[in-house]
Amino acid sequence: MATKNKLVQWTPTDVKEELLKKYPPKVARKRAQSILINEALENTTPEIQANVRTIPGVITMRGCTYAGCKGVIMGPTRDIVNIVHGPIGCSFYAWLTRRNQTDAGEAGENYMPYAFSTDMQDSDIIFGGEKKLKAAIQEAYDLFHPKGICVFATCPVGLIGDDIHAVSREMKEKFGDCNVFAFSCEGYKGVSQSAGHHIANNQVFKHLVGTGENERPGEYKINLLGEYNIGGDGFEIDRVLKLCGITNIATFSGNSSYNQFATAHKADLSCVMCHRSINYVADMLETKYGIPWIKVNFIGAEATAKSLRKIGQYFGDKTLIARIEEVIATEMVKVKEVLSEVKPRTEGKTAMIFVGGSRAHHYMELFNELGMKTVSTGYEFGHRDDYEGRQVIPNLKVDADSRNIEEIEVEADPERFNLRKSPDEMQALEAAGFEFKKYDGLIPDMEKGTLIIDDLNQYEAEKLVEIIKPDIFCAGIKEKYSIQKLGIPLKQLHSYDYGGPYAGFKGAVNFYNEIDRLVNSKVWSYMKAPWQENPELSATYVWE
Amino acid sequence: MLLRHTPKEVTPRSALVINPAKTCQPIGAMYAALGIHGCLPHSHGSQGCCAYHRSALTKHYKEPVSAATSSFTEGASVFGGQANLLQAIENIFTVYEPEVIAVHTTCLSETIGDDIKQIRDKADKQGLIPKGKHVIYCNTPSYVGSHVTGFSNMVKGMTELSTSTGKKNGKVNVIPGWVEPSDMEEVKRLAALMNVPITLFPDTSGVLNGPLSGEYHMFPEGGVTIKELIEAGDAIGTLALGEWCSADAARNLDTKCKVPCKVLDIPFGLSATDRFIDALRTIAGTSVPEEITRERGQLVDMISDTHQYYYKKKVAIYGDPDQVISMVEFLVSIDMCPVHVVTGTSGAKFEKRIKELTAHLPYEVNVKAWGDMFLLHQWIKNEPVDLLIGNTYGKYIARDEDIPFLRWGFPILDRVGHQYFPTVGYKGGLRLLEKILGLLLDRKDRDDPETVFELTL
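In order, the protein sequence lines correspond to chains A and B.
So the first sequence is numbered by the working numbering: it starts at 1 and just counts up by one.
So the second sequence is numbered by the working numbering: it starts at 545 and just counts up by one.
What the hints contain is simulated information worked out from the structure, not anything from laboratory work.
The beta-carbon is built from N, C-alpha and C at its ideal position, and this holds for glycine as well.
There could be a bad hint or two in this list.
Reference listing, derived: stretches of chain A covered by chain B, where coverage requires no fewer than 3 residues with Cβ under 8 Å from a Cβ of chain B [unchecked claim]:
#	segment
1	22–29
2	141–155
3	163–176
4	310–320
5	455–462
6	484–493
Take these sequences, add in the hints, and give me the full structure.
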């Protein structure tokens, strides 16, 4: 089967046809638009269908809006009590299951090891759950006296019409010293986690950002947007920033605290990591407070160096720039040492990455550094701009599913808006090749003839692996073991297989070693027993 | 401290559950459905439900767990999920070609009132279900009961396939309850030793403990077949292991096909296994083979050899009702002292059983059904224990309070072994004791002063 296929020369068109062959015609037509054979066009990037409904029954990788809101965005904030209003499952499954690490210190507030739920029963569904929610908020307040309590709607809450926002407002007023606000993040909204990111970020922006004054002291103040401290990525980035003398006011939302969000308006530059989950917050921070934003990527040693230099160039301070160069030079010693040791064993190997809304793009950097080619890739919940670049945003179609995700309108804050750079300074930077608000997406970094597939499903994944036989496949826990049964190592890029960090310089070193371990592991050679490899019976057993 | 905000003082809570000792129905239905050969579980609801359940089961087993979803959007939530489910059924049978699709509902589809039977019949009429293939279903509203209820409902859904020909086939149905694939294998081994032909359902052995061989089979060898489920209606009787997990299905078979049933505890530990073996012996009308009696003797031998280390040791335990009941009985039988007992699933019967099992002890046990791990932790702060038993989430309590911790139950996300080594039966009892003893003695070795440090224990 699979081994024979490798001998056949498959063209990308053949592969695409093979992926679509078994579908009912309607499904095949729809999936065809989400499977792109990359081609080099002159001035434009080819178009792909993304952020559309998953076809029922195809076995998608995607999760729901609640997962994006509670799990991804609000999960990593340690000093807010997150109450899930709904039946018990939703709270249970989002309980410590994402690896966003946090550093609360010895005695700091940290509610992340706790799961809070209203555990709705059938009587709550029939008679309404507002009373129970109110009581639950009160009980949480009495027990913990947190700075903030967030309430998350699950599917039935939207259907029965509990007004979680009114309840939250009432309780906030009642307490006086606790910010209570809610998220209408019912799982059925939108088409993937992405809608949940948006709902979460909107509420954080409305109810939290700009409510505090005492920001972290320091020079060269930035926000890091879309970094979730999975496996300690954020810790490593913060370490590097600190070495450079850059102050991270607020990370949205890895290792975050209430006060960091509240003072985010004090930063002078927003650096966007995960474009998908948060680019709109960067826009809102600029419109309301005058903070410009740039796209950064701390995944990959070279990418990290490039991002640091970009920050240095923005602030334009010679001391800062010199310090950044010094840090890069020092850190790169170890990076190069490990890379030169590992690369001979990874060079020329191939990878597939199907994950997230930005990670699939970011991790190509690390594979490039290892001399490995990404032969096929795609996002789980990306939008067209994450594939094709931000220039497509004005032309994105608003459909029934995106229409119900609120876009909040912000305007310049009359008191706190201030331009970080004068228009002349901004122009000078741009003239020198500095790019604000710029993201070209994943497609331009992929070679011609590679397959880019949005919302890959189990059937397509299995086919791709069988036909192309990559040396490593990157996805998540649900995909891990079916791919590995085929004898191909799968690296989880949601949970990092409980390893990491992979960001920054130390992260790059960790990743090099991890990929070396995976693609060169002896375990893949143990799959057949000696009698399966040589089933012929010899005439007699040869005794010693 | 990880759980640094948990106060020692217990205050009553009426609305807020903190650190649940249960999850919702659909995951139980999904797990049960995986125990049917050639079955693809299907979650009729939002994508997140399916993703969460698959993730949890995959992390617990380190094995592929395939399941599909109706991928509800806001439109489906308003207009009903019929179109989604019909499309899903067509796509699943076309692309993945299972023998059977086992549909379970979610709080979403239950709240809007989708009628799965009607949708299935419609799929049938439209020819979306290929000849010889099946769609079974159960209702699993997440706001009723717990994951245990969902398991029970799907097992009951399986018995809807059963028919009675009027002629008994001499087999015994055994419903093992929510136990591991290794446990199901062990139940089959014991029945084979007894020469009792059984139909075990669900049966996840061979499904969720598969080998790595370079081949991926979406539908592995294991699982109860549809044919066996149909023929379960002709069995001479049903042994349902666990009131919460298995009784409903057994009683349904009784009502539907006149297959008499008996509800036993899940055979964890000496006495529950004794009752199970004795029941099999009586049904088959044979004597118990020497091999099993010998296994029993080995367990008794180990209890006697190591009894001094269990004696009067205090235990806190949380988990699912059927499992916890058998375990508490086992702990009491070796003179350990379960002092705090919690299940997240509701049921006054649970509290009653635990009280009965511990009635003769010189203290009153703290027991709560529909409790949570926050309460359990508070109890432990008030009365410390020597051993904590429960699923992986207990590691936060164990670390904070420095308690030896036996991972047992669902889910176990941070250790392996449950896929391969049973804890049911006498052999399972040996394994439980080995683990408990190791934990207690490791602690003793760690804490004993150098002056009294012992070589032999």
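Right, here's what the structure says about each hint:
For the segment 22–29 of chain A, the stated coverage by chain B holds: 4 residues have a C-beta nearer than 8 Å to a C-beta of that chain, and at least 3 were required. Check on the segment 141–155 of chain A: 5 of its residues sit with their Cβ under 8 Å from a Cβ of chain B, so the three-residue criterion for coverage holds. Counting residues of the segment 163–176 of chain A whose CB lies closer than 8 Å to any CB of chain B gives 0, so the stated coverage by that chain is violated, three being the minimum. Against chain B, the segment 310–320 of chain A contributes 0 residues with a C-beta closer than 8 Å to a partner C-beta. That does not satisfy the three-residue criterion, and the hint is violated.
Beta-carbon proximity to chain B at under 8 Å applies to 3 residues in the segment 455–462 of chain A; the threshold of 3 is reached and the given coverage holds. Remark: the segment 484–493 of chain A is confirmed as covered by chain B, as 4 of its residues place a Cβ nearer than 8 Å to a Cβ of that chain, reaching the required three.
Going through the hint list in order, the structure does not satisfy hints 3, 4.
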